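Student: Now that you have both chains on their own, put them together as the hints suggest.
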Amino acid sequence: MPTIYLDNAATTPLREEVLDAMTPFLGEDWGNPSSVHRRGVAAREAIDRTRAKVARAVGAQPARVIFTSGGTEANNLAMRGLSWRGAQRQGAIWIGPTEHASIRACAVALAEEGFSIEHGQLDPSGSLDLNDCEERLSSETVLVSQMLVSNEFGSIYPVDCLAGLARAKAPEAAVHADAIQALGKLHLSLSQLGVDSLSLSAHKIGGPQGIGALVLARDLPLRPLVFGGGQERGLRSGTENVAAIVGFGRAVELAVEEQGAALESMKVLRKQLVEGLQKIGEIECLEPGDEEMQQPGILSLVVPGAPAEVWLHHLDSRGVVVSVGSACQANKKEISPVLLAAGLTAGQARQVLRVSLSGQTTSDEISTTLGVLGELVKELASL
Amino acid sequence: MNPKSVSVATPEMVLIRYGELALKGKNRSSFENSLLRNIREATQHIAKIRIERRRGRIAVFADQRVMEIAERLQDIPGIKSVSPAWRCDAEPEAIVALARTIVRDALRSRPADEITSFRVESRRSEKRFPMTSSELDRFVADRVLPEIKNIRIDLKNAKERLGIEVRSERAYIFMRRLPGPGGLPVGTMGRAMCLISGGIDSPVAAYLAMKRGCHVSFVTYHSYPYIGEASKKKVIDLVRRLSRFQAKSRLFVVPFTEIQTTIRDKAPEPYRTVLYRRFMQRLASKLAERDRCKALLTGESLGQVASQTMENMTCIEAAAELPVLRPLVTYDKEDAIKLAHKIGTYDVSVLPEPDCCTVFMPSKPIIFGKVEACEAAEAKLGVDDLVRKALMGTERIIIESNA
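Going line by line, the protein sequences match chains A and B.
First residue of the first sequence: 1, per this note's numbering; consecutive thereafter.
First residue of the second sequence: 1001, per this note's numbering; consecutive thereafter.
Worth flagging that the hints you see were computed from the coordinates, not collected in a lab.
Here the structure is a predicted model, which means the values were calculated and not measured.
Be aware that a few hints might be false.
[Unchecked claim] Ranges between beta-carbon positions, derived for each pair:
1) B:Gly1303 x A:Pro304: 33 to 39 Å
2) A:Ala109 x B:Ser1030: 52 to 58 Å
3) A:Glu275 x B:Asp1265: 30 to 36 Å
[As the list claims (entries may be wrong)] Not the full set, but computed from the structure, chain B residues with beta-carbon under 10 Å of chain A:
4) Tyr1224
5) Pro1225
6) Tyr1226
7) Ile1227
8) Glu1229
9) Pro1354
10) Val1359
11) Phe1360
12) Pro1362
Even glycine gets a Cβ: it sits at the ideal position worked out from N, Cα and C.
Pulled out of the complex, with its shape left as it was, chain B reads as follows (with noise of 0.2 Å):
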């Protein structure tokens, strides 16, 4: 049989390496039946794909475009790696000549005088193959490296690792394995409704849930004309950049002006910032209910700005319907920032663009404020009322990736 022409950059397949240890029987199978959606989901604007589902392996087939998948299947949760694979058929000989142009394709670019370590790495799901996952190492090896200079075998610490994977009929060979997010795939620990400014840290604190297993939902408070347009727009690139992670999500923009003048006149002006915040809990409560979001979400980190004492998280979560997830709440800035980069928020989040809390900010602003207080202050605003009528303006927008 000839060896085929392959390239390194055009992959025919992509191996897909996914779950953890301690998921088994029923959680398993939801596990897998979210993923394979997913995958779907994300890669349907890339190219048709194939999905072949066995032994813990998922392996998804395209005519083309099949790098790009791999890269765009990087992102999505639940998966631990992905490595882009060509196929042969499952016999010794078509193994290694497939085996040597993708050593050696892979092999090109690095620096002429660099030693490389290298093993051969087999897999054999398929018991009738005449050869032990060792024999295979050992015959593949000692075809394929004679040919190549500066390798040597490292069965350790090997840099190259030549990956097969013998199923019944097929061979998948590979050489890259590229890192996916790991945990778990969306969708199989339900939904949560992110609170969500524009800063650096909501869009982050959604990314760890997503990566967790929650489909998200976000909510974002919007005081036109005191604030425009584009800080609304800012809201909607983040939520498009982080539904990357995710299919479609749900942006429910809250009109938030009538609230904050309210407070502004009827308040002490120290609890301005706790008293809008209650409100949005609030708010996103309600909403987290029509959305069957069964928890809130935020950005929030201990200590870092003046209302995120415990003492004003405190009189904030009791506001709350639901139980308030905070994933960042031990995190330092720089943590945060980093996650950020990686996710591609952190660019949109510096954008200089206002946001509601800036709107009559205190002079003074409560550090460790009081329950009570925040009843006192609110039993004169008419809460019921102005979270009423904010519900009835609230703008619900669907964002798909545009990934």
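So that you can see chain A by itself, here it is in the shape it has in the complex (with noise of 0.2 Å):
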């Protein structure tokens, strides 16, 4: 039974192409890049070429691109490190409603160590309520972090006016994007967003667990977390995972490179799936905000009548992968606040199923999944 794989906003399959690139690396030119031998400085030289390439990818400077162990570094490089000021630990975080883990989780952690945590709301559309940020903000913002596109609904949040209101209204603060479902999706461009830092993983888009980056705009004062050889410019110490970040650069390469024809194919693959939906009835889809601010690789559905785990197990026994909620805690049953962020209550949270396709998810893959989803509404709509 061939699988159909729909759940690309988890992870993707490495691609061979990036295989490629990373497998040198496993192997003959193994080096550590502070070693001043040849090994050494030619490790070093292709973590500077995938530096430039990842750079080039959102507009910033090389030397302003951290290489960290993945998204939720990333995030967690960009909450703690920028919300330092000196010895103080005071002042306010505002964060998006709909907030990864990685973020919500340091905004639990800060709020212990002092400071105040502020939570951004979506409007009644689903949208980002701009009007309650800009009451939010005020001169004792330290950090801002929204992100730029929804790893639930699969929105696209206006990063760029935020930014804007936080410049006018929250001089202080500095201004953090998730941008790990955008990456390959949007055109990322860190000047255009308005924005001090951007978080992006490999594994989104084709590229190797393990490794992400945290992309500064500017020199800002960024307090490490991890402290040691003075790697990646002392901001996160730690011998470089060469072969990894070598895929990361092939990966972005590529997903910039396809972009566009990947869009395309998502939005066609994705009207198939909501016009199949209607005919079958019975599950809804979640689409929150403006239809143009829509990354249409991300789905998300309520399915009738047994748990959305149930139809997971079901599909998957069918060889459709899908997931529920936010894969990074679907183990944890906790109803997901970012659901509930957008108006659902805990009994339909837990109807929720993710569809997330990539850029070869194929027109026969969407019809195959609507013949499985037909079969199963018959089967658990009514348990």
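Tutor: Laid out in structure tokens, this is it:
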């Protein structure tokens, strides 16, 4: 039974081109980039070339790309590193209403350390409520964090407008954007967005797991999370994961190159999926916010009857792979605060399935998936 | 002779105390043989050991990681306590020299102004040794204690006790006595088949049976795709944790979906849970027979949930073909939770993975079921066929401890 993989927002298969780029560094081209012999210098050179590729993808200076162990660490580095103002542990931090757990959990920890936390909200249409933001930002605000694309709904949030508001109302604040679900899907430019930092992750775009980056727009007083040998300009110590970094670079290059085509194809497939679901009936699509402001690869569904997790296992047993809620917490069974923020009840939140496409998803796969969903409605809707 | 340099962190051997008073004759040697086998299996990944067995004591020697061995042996049923120990020649002056270092080292970390009660406890199995036990106690105490501040002899309630065991050529000396589980060595009381769900109780029941000498095999029921692979993984993790207390465990994973959908479609709704459980007993009995188990084992506790009334337990047990052991039948939930914490299964048990009992849960489950009603309902299900198919699809997994 062939697998139809529709969980690309959780992770993506490593692309062949990426594996090819990485392979030498897992074999003959080994070396510690900090060593000054030829092996070390070659590894350093590979990292620097990659740094330039990642920087180019978001319009940054290569020197301001800090490689991390992934998106979570990049978000942690931004939250903890940019809220730091010398010895002082106070001020306000504003975080968006649908932020990833890696941002929300940092906010909880920072609240314990003395910061006050402000939470943004969605307006009734599901868009970011900018009026509310405006009221909550002040000269006390030291950090603003807002994701660019929701990992649960695919909504694109107006980070540029928010950054503008922040500059006016909270001139002291650094503005961070989690761009993990945006990379390879939206045109990313630090200066157009007007933010101070962006977090990125490789494995959402066909790169390896365990590598990501925080990219800075300017030289900010960033306090590291990891201290040691001073790698990454002292902002992320530890011997670099050379092969993963090289793979990240290749994946970014391919994602940007193919972005236009991938987006077009995902738009068509999304339309096919939504229309097909309308024909089946009973399954509702969650598409909050403006239709134009939508990353087409992510679609959340409300399924009837059995809990979404039972649907997931039934789909899985028939070769269709999706996720429930946010994959990182699918295990915890706690109700996703993001779904609650979008106005769902706890009961509805347990019925949410997320389908996420990639540029490689085909129309046949969507047809087959619709067929399976049609069968499952008969089997599970009345449970 | 120069005193050896010893450190409390690096003992040379482990002294093991075991045995129930009642054990005699043939029972005793079977007990000891099982215990020795279990000790070897439990320590094989830690270090190469040499075992010495003499007069109701087992001593384990290793060139390294002795403290780890001692801690590992605290999990082995049948062991009452263990003492990490050091050895020297069996002569009074050598004993004093070693005892001095051990006492000094062991008391080093106590608060400066605390007065510690202390005594020496010698045992002398070698009658050629020139002193009696009480003479040796005094001989050592007189020479060791004057050098240590804030210490007083208390023969009745000493907090710190220096143990000395004199054998033919060597003496073993120790301060610490780490408790073991007690009970009987796994294997001495045969095998039992535990029905494990992923909750808190069944792992505790399994542990209690192990502690009374049962080797426990496990059976779990899996209703894919109504519940996911993560639920099965959770049971595997629980069995892995329980395998600290016995070497290798067998887990049977029985496909249960068809049985549940058939019951859903053809049996009265209030009876669903009781009927699920009757099938579980039936299947467990068949697997037990193949696995040479002499009893079934469950975590049932009287009145804890609707299916655990006496009436429902009667209905459920009627489907079993072997005696059903229920170590927790009179336990309060808090007591089971306490034990679950102690044996390290609690944090896995509380992971929120559903088990098959939650599938098609009846809205009003029967509280006082009747066996005749169960049998009447089952007459329409094709029981034998369902059981045969489930057994054919059963997967057997061998699980070793990662301790």
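Student: Determine for every hint whether it applies to the structure shown.
Tutor: Right, here's what the structure says about each hint:
1. B:Gly1303 x A:Pro304: 33 to 39 Å: Taking Cβ atoms as reference, B:Gly1303 and A:Pro304 lie about 36 Å apart, which means the hint holds.
2. A:Ala109 x B:Ser1030: 52 to 58 Å: Once the Cβ atoms are compared, 56 Å apart, the range 52 to 58 Å for B:Ser1030 and A:Ala109 holds.
3. A:Glu275 x B:Asp1265: 30 to 36 Å: Holds - the Cβ-Cβ distance for A:Glu275 and B:Asp1265, about 34 Å, lies within 30 to 36 Å.
4. Tyr1224: Since the shortest Cβ distance to chain A is 6 Å, the answer is holds.
5. Pro1225: Nearest chain A Cβ about 4 Å off; hint holds.
6. Tyr1226: holds, 6 Å
7. Ile1227: holds, 7 Å
8. Glu1229: holds, 8 Å
9. Pro1354: Given a least distance of 8 Å, the restraint on B:Pro1354 holds.
10. Val1359: holds, 8 Å
11. Phe1360: This hint holds: B:Phe1360 lies near chain A, its Cβ roughly 7 Å from the closest one there, short of 10 Å.
12. Pro1362: violated, 13 Å
Violated hints amount to a single one, hint 12; each of the other numbered hints is respected by the structure.
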